[in-house]
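Asker: Given next are the chains, with one letter for each unit.
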Amino acid sequence: MIPYVTRILVKSVVTLFAIATVTFIATRLSGNPIDTFLGDGLTTEGRAELIRYFQLDGSLWQQYLAFLRGALSGEFGLSFVDRRPVTEVVGDRLWASGQLLLASVGLTVALSIPLGILAALYRRSWVGSAVMMLAFTGYAVPSFILSIVMILVFSYWLNWLPVVGNATFAHFIMPTIAMSGVLIAALTRFTRNAMLDVLGQDFIRTARAKGLREARVVLRHGLGNAGVTVISVIGLQVAGLAAAGSVVVESIFSWPGIGQLLVNAALIRDYPVLQFGVITVAVAVVIINAVTDLSYALADPRIRLARS
Amino acid sequence: MYRLMLTTALAAALPLAVAAQEITVGAANVSSYLDPGRDHSNVGSQFYYNSFDTLIDRDHSKLDPEWVPALATSWELIEPTIMELKLRQGVTFHNGDAMTADDVIFSLNRMMQATFPPYVVRAKDRLANFPMAEKIDETTIRIHANREEPLWETLISLQQVMIIPEAYTKALTGDPEVAEDSDFEAFALAPVGTGPYKVETFQPGEKLVWERFDDFWGETAPLERVNVVQIAETASRITALKTGEADIVTNIAPDQLSLIDNDPAMKTAGSATALFHVMIMNQNHPKLEDPRIRQAMSLAIDRDALNEALWLGKAVVPSTHTMAEMGALHQPDLVTFEYDPERAKTLLAEAGYDGFEIQFDTAPTYYTNGLLAAQAIMEMWANVGIKGKVNVQDQWSGNDPEMMARNWSNPMYFADPFGSFGVMWAPDGPSQSEGRFNTDAEYAEMWDRFRYSTDVEIRKAAYVELMDRVKADPAVLPLYRPFESWGMKNSINWAPMPGHIPYVLDFRAGSITLVGS
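Protein chains in written order, with the working numbering: chain A, 1 to 308; chain B, 1 to 517.
A hint or two may mislead.
[Claimed, not checked] Which chain B residues stay away from chain A? Per the calculated CB distances, all over 12 Å, these:
hint, residue
1, 181
2, 267
3, 338
4, 349
5, 460
6, 492
7, 497
[As the list claims (entries may be wrong)] In silico SDA-like pairs for lysine to any residue, Cα to Cα no more than 20 Å straight-line:
hint, chain 1, residue 1, chain 2, residue 2
8, B, 124, A, 43
9, B, 207, A, 43
10, A, 11, A, 291
11, B, 207, A, 263
12, B, 387, A, 263
13, B, 314, B, 368
14, B, 207, A, 291
15, B, 287, B, 192
Hints listed in this document are in silico derivations from the structure and should not be mistaken for laboratory results. Glycine included, C-beta positions come from ideal geometry on N, C-alpha and C.
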């Protein structure tokens with residue numbers, strides 16, 4: 001187990017280093033912050049003065065080394081715009097994004113596992129078909145379309161739900177559904193397929209032959225063994241959600257999280273915020289992946305043994 | 001399900017219920033910092049007037065400048081280059097400090113003798129004629145100019161010289177006796193002024209809350225509290241207005257106006273922004289050195305058609321680089337820019353244009369409708385025989401010698417041609433320093449007369465000469481003044497005032513009323 005954990009840690013560090021480097025290069029290629037956030041009308045001399053002030057006058061290599069040195073000592077610099085440490089700027093937004101992510105994962109697990117089991121058990125009836133149709137539809141609708149349609153129906157026409165911010169429980173409803181829509185669809189399909197695979201196995205027939213109750217057969221023996229597949233899909237999809245889903249949904253619903261912050265920082269080329277924001281999301285993704293890998297091992301001793 | 005919806009809707013509505021005299025503004029953008037000195041962005045300009053004062057103000061309900069006392073009660077020129085101002089007594093900053101002559105001198109000299117680079121940049125382009133301000137006694141100060149100044153009141157009422165507290169600012173970081181760069185940076189997150197609303201909460205890029213300042217020296221603010229929240233997405237802003245989460249929303253595009261206007265509970269207010277979207281052309285690009293080619297590039301563009309197609313006819317297409325806000329210097333009869341495709345063809349033939357490709361750079365989203373305008377311009381160029389190509393890139397190319405043409409904007413930083421053309425196209429100004437615009441001694445002399453003459457007629461005549469130069473050897477074509485709209489509930493009486501620079505959210509007494517309060 002220890003070599004397995006060590007390997008995951010090394011892999012995570014290498015991934016983070018690669019992401020930090022790519023982010024650094026990508027931000028520098030996208031344009032100069034001096035041109036965007038200070039507006040039109042700077043003289044060349046004025047621009048040069050500001051470039052010096054914001055310490056953007058070194059070569060890319062020098063800037064990169066300074067960035068790495070800072071990162072290793074936990075110093076990620078100040079936002080170009082509000083001149084606060086980026087750790088503070090991003091930290092302020094972490095909890096809001098975390099809440100939305102947890103709500104989305106909670107809703108996904110709560111809905112898609114029962115729906116997947118239902119679709120597997122009733123695969124030849126209308127119940128199974130209906131669940132799968134919903135799942136395919138959900139998978140095909142991107143979160144920004146789902147968001148705009150929900151806003152139109154539940155806010156613009158019916159005036160039932162608020163659209164701005166995260167002040168109350170009601171504020172969570174639409175963003176959570178928008179974030180988890182695709183995830184619910186995906187996980188429902190995977191749960192169904194995994195259950196179908198498992199339910200066709202000999203040991204299930206044996207369990208039934210022993211006279212166990214159907215609920216126990218399905219939940220204990222069926223879901224228990226389908227769990228590895230389901231966990232892997234949850235891990236992958238949640239990582240994707242943390243990385244990309246929040247950017248769109250948070251912008252649409254003015255959710256004060258990291259996604260919205262990253263969009264703003266990208267528009268005005270606030271490099272330090274963008275770099276640290278992406279690294280923070282990357283850390284979240286790496287942690288989720290690592291936890292998923294470890295969960296595999298815990299859920300299935302064969303994996304643990306094979307990998308060690 | 002219905003019950004759940006109803007319950008959650010009620011839960012949502014409770015914290016949103018607004019007391020009388022409290023409004024929420026859904027803004028497309030909320031500033032990441034609040035410092036009137038260094039800021040001249042469209043985002044920041046929304047917020048300063050409610051919290052800060054200048055020494056001299058103007059009646060913003062009028063298009064023509066009418067100067068009114070603010071933190072100075074009177075002012076006079078005691079010499080052609082020295083203005084003496086008497087300070088208002090009994091003025092209090094939001095932190096409780098009394099405003100003194102020292103605070104005023106500190107505020108003025110933080111710009112006029114700037115060392116903080118963001119201030120240096122702003123001071124150079126508009127306050128360069130003012131070397132310093134000095135305190136005479138506790139109620140009197142003097143501002144010195146290098147040369148006779150035709151725009152005293154205009155420049156002393158700029159956002160950049162709004163008054164801030166000296167002791168508070170210096171004590172924000174480091175040595176409390178010294179104004180360090182870090183003090184000004186800290187101030188931008190904890191701003192303090194003398195205006196009718198104090199900043200109660202500021203979450204950069206997210207939220208700003210103003211509270212009525214009871215010790216304001218002037219007429220009490222009409223609102224107790226104003227919440228400004230960032231709602232970046234247009235659909236969400238309009239919906240927030242409809243659901244009651246916002247009372248006013250900013251930046252509504254022309255094609256979205258009918259959504260609001262068709263709702264009996266909501267309305268819109270708008271105006272042509274005091275800012276030009278322009279096309280710039282590189283005078284020094286080897287292929288564009290012949291001015292006839294650039295004249296043709298300009299004459300081929302049907303700006304009225306762009307206005308109709310992109311702005312539903314609500315934008316303003318100028319005949320020269322002028323705006324109605326410029327008062328006596330507004331010259332609407334002057335024709336510098338025209339649509340004349342036949343003349344464009346003739347000029348191209350005369351110049352021996354051989355069909356080489358002219359690249360037009362644009363960022364994908366920086367200017368509203370910028371990319372669409374660029375694409376339409378390519379069609380218009382094609383109609384006269386110019387082979388054009390749109391190049392979409394985020395990177396600013398105005399300082400690239402290879403740049404041939406691109407979009408840009410010329411805002412009106414203050415209500416004078418000097419505040420727009422005068423800043424952007426000054427000798428050694430932004431355009432020349434980037435190497436795409438040439439001036440000579442003759443141009444500098446004209447610009448000098450236009451900038452510094454104290455005789456309005458001489459200034460106007462000099463401006464005509466400058467425009468003749470622009471026409472003969474074009475480097476810029478103002479396309480239009482974009483149309484900007486705000487949406488609001490019917491219960492709000494508010495509209496942008498003609499005397500302000502673009503985008504100011506003025507909620508002072510006389511600027512906004514709520515029906516029933």
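Asker: Which numbered hints turn out to be false for this structure?
Answerer: 1, 9, 12, 14, 15
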